[in-house]
Amino acid sequence: MDTATEFGRLIGPLRRAVLRTRRAEALPDLPEAQIELLRALSEAGALAPREAAARLRVAPSTVSNLVRTMTASGLIERTPSSTDLRTVQLTASPHALDLLNRYDRVSTGALRRTLADLAPESRQALDQALPALAELLTALEDERG
Numbered sequence: 001m002d003t004a005t006e007f008g009r010l011i012g013p014l015r016r017a018v019l020r021t022r023r024a025e026a027l028p029d030l031p032e033a034q035i036e037l038l039r040a041l042s043e044a045g046a047l048a049p050r051e052a053a054a055r056l057r058v059a060p061s062t063v064s065n066l067v068r069t070m071t072a073s074g075l076i077e078r079t080p081s082s083t084d085l086r087t088v089q090l091t092a093s094p095h096a097l098d099l100l101n102r103y104d105r106v107s108t109g110a111l112r113r114t115l116a117d118l119a120p121e122s123r124q125a126l127d128q129a130l131p132a133l134a135e136l137l138t139a140l141e142d143e144r145g
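full-length UniProt numbering puts the first residue of the sequence shown at 1, with every later residue one more than the last.
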């Protein structure tokens, strides 16, 4: 089996295993798209919907649907732009930022404990693979346009 096939088969189960750590701590089950938008807003402080779509590399309509759902659940706040009254600025609510911090703390803790249980050679291999994985992500995103 080649690297691409094996890696492709591992991505989904790895992601789901990390997501299960969040559920085990009774955290709400937010879709990954919502978490990605919250991360973008957390990093930027505030974004216009079009900026968020560009940053996430999704269609503006996708962000619009996410914003509608997330505003209704109190995760995102919409504020009229101070420079263009036709647009809004999106920010993550304090509740959303707290959830995001808790998700990261739980997921990172689980990953640290699990990595500590691996053989030293496996930990070292994963550590050395991180730059290559970041490069792979960039290349895949560039390919998608």
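Because the hints were derived from the structure by calculation, they are not lab data. Ideal placement from N, C-alpha and C gives every residue a C-beta, glycine not left out. Take the hints with a grain of salt, since some may be wrong.
Unchecked claim - Listed next, with one range per pair, are the computed distances between beta-carbon atoms:
#, residue 1, residue 2, range
1, GLN128, ALA17, 17 to 25 Å
2, ARG123, ARG9, 15 to 23 Å
3, ALA24, LEU137, 21 to 29 Å
4, ARG112, PRO13, 51 to 59 Å
5, LEU111, LEU85, 27 to 35 Å
6, ASP142, GLU121, 40 to 48 Å
7, ARG123, ARG86, 46 to 54 Å
8, THR79, ALA54, 32 to 40 Å
9, LEU118, SER81, 25 to 33 Å
10, PRO131, LEU85, 41 to 49 Å
11, ASP117, PRO60, 40 to 48 Å
12, PRO120, PRO80, 41 to 49 Å
13, ARG57, THR114, 26 to 34 Å
14, GLN128, GLY8, 19 to 27 Å
Against the structure, the hints:
1. Our hint of 17 to 25 Å for GLN128 and ALA17 holds, since their Cβ atoms are close to 21 Å apart.
2. Roughly 22 Å separates the CB atoms of ARG123 and ARG9, a value that falls within the hinted 15 to 23 Å.
3. Hint check: ALA24 to LEU137, Cβ distance near 27 Å, so the stated range 21 to 29 Å holds.
4. As the Cβ distance of ARG112 to PRO13 is approximately 19 Å, the hint placing it in 51 to 59 Å is violated.
5. Between LEU111 and LEU85 the C-beta distance comes to about 44 Å, which lies outside the given range of 27 to 35 Å.
6. Look at ASP142 against GLU121: about 32 Å separates their beta carbons, and that is not inside 40 to 48 Å.
7. At roughly 52 Å, the beta carbons of ARG123 and ARG86 sit within the given window of 46 to 54 Å.
8. For THR79 paired with ALA54, a C-beta distance near 19 Å fails the hint of 32 to 40 Å.
9. Against the hinted window of 25 to 33 Å, the Cβ-Cβ separation of LEU118 and SER81 comes to about 48 Å, which falls outside the hint.
10. Restraint check, PRO131 to LEU85: a C-beta distance of roughly 44 Å satisfies the suggested window 41 to 49 Å.
11. Between ASP117 and PRO60 the Cβ separation comes to about 44 Å, which falls inside the hinted range of 40 to 48 Å.
12. Distance hint for PRO120 and PRO80: a CB-CB separation of about 55 Å, inconsistent with the stated range 41 to 49 Å.
13. Separation of ARG57 from THR114 is about 30 Å and conforms to the stated range, judged on CB atoms against 26 to 34 Å.
14. Distance hint for GLN128 and GLY8: a CB-CB separation of about 21 Å, consistent with the stated range 19 to 27 Å.
In this structure, the earlier hints numbered 4, 5, 6, 8, 9, 12 are contradicted, and the remaining ones agree with it.
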